[in-house]
Amino acid sequence: MSRLTRRERRAARRVPREEVVRAWLAREREGSEPPPTASGAFDALLSENPGAAAFLWRDAPHTCYRLPLSRARFDRLHVVEGPSELGWGALSPDGTVRGCARRIDRGDPDRLAHATGVDVPRIERLSAEPSDDDPLVLSTRRGAVPWHVADGNHRAVALALSLRRGAGYEPAAAYLCVGANPVLGPLVQRLWGRLR
Numbered sequence: 013m014s015r016l017t018r019r020e021r022r023a024a025r026r027v028p029r030e031e032v033v034r035a036w037l038a039r040e041r042e043g044s045e046p047p048p049t050a051s052g053a054f055d056a057l058l059s060e061n062p063g064a065a066a067f068l069w070r071d072a073p074h075t076c077y078r079l080p081l082s083r084a085r086f087d088r089l090h091v092v093e094g095p096s097e098l099g100w101g102a103l104s105p106d107g108t109v110r111g112c113a114r115r116i117d118r119g120d121p122d123r124l125a126h127a128t129g130v131d132v133p134r135i136e137r138l139s140a141e142p143s144d145d146d147p148l149v150l151s152t153r154r155g156a157v158p159w160h161v162a163d164g165n166h167r168a169v170a171l172a173l174s175l176r177r178g179a180g181y182e183p184a185a186a187y188l189c190v191g192a193n194p195v196l197g198p199l200v201q202r203l204w205g206r207l208r
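Residue numbering for the sequence shown follows our numbering, starting at 13 and increasing by one per position.
No lab work stands behind these hints: they were computed from the structure. A virtual CB, placed ideally from N, CA and C, is assigned to each residue, including glycine. Don't take each hint at face value.
Stated by the list, open to error - Computed spacing ranges between beta-carbons, pair by pair:
no.	residue 1	residue 2	range
1	R83	S44	15 to 23 Å
2	E97	L203	16 to 24 Å
3	A140	L98	25 to 33 Å
4	S59	R22	35 to 43 Å
With the sequences and hints as input, model every part of the structure.
Here is the structure:
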């Protein structure tokens, strides 16, 4: 569900979309000089990661937040949106970060990497290391829609894997971008029009 709980609303800090874009771009282009303008940063991010970042133009406008993720919220995260038979979708039988971790914990990392195209050995390495503090980038749409990891899938699955193996949970930091719901808006307009 995309709605923030009361506790999440209290802990969340509203941030401009540019902050999210620049933080994500900095991870994608470590060591590179950032573009000077907001539109330049947005264009660079779409060039670096056109699939995962597509929600930024597809579901615009966005309201963005920075918040800590409760364990319950983390456990419900979905992997990046995409075809269920490719990449992250192929790795997770139910589309969730936890589903990926369960499958990795039960399977052969090299075989899973070959079958899905996801760098599963990297996830194994990340799960054994202390996590970094870089926030995940999450996307959702207004209404009852799951939260998807747009950036940080390897880190999120590594954390879920370490939790499966007995590690304690420290709230993960995240940027959450809540976009327009392309179905909800027209439906509300139609209903409103009929009520007039």
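Going through the hints against the structure:
Taken as a hint, the range 15 to 23 Å is violated for the pair R83 and S44, whose Cβ atoms sit roughly 35 Å apart. The supplied range of 16 to 24 Å is broken by E97 and L203, whose beta-carbon atoms lie about 36 Å from each other. A hinted range of 25 to 33 Å holds for the C-beta pair A140 and L98, which are about 27 Å apart. The hinted window of 35 to 43 Å between S59 and R22 holds, with their beta carbons roughly 37 Å apart.
In summary, the numbered hints that this structure violates are 1, 2.
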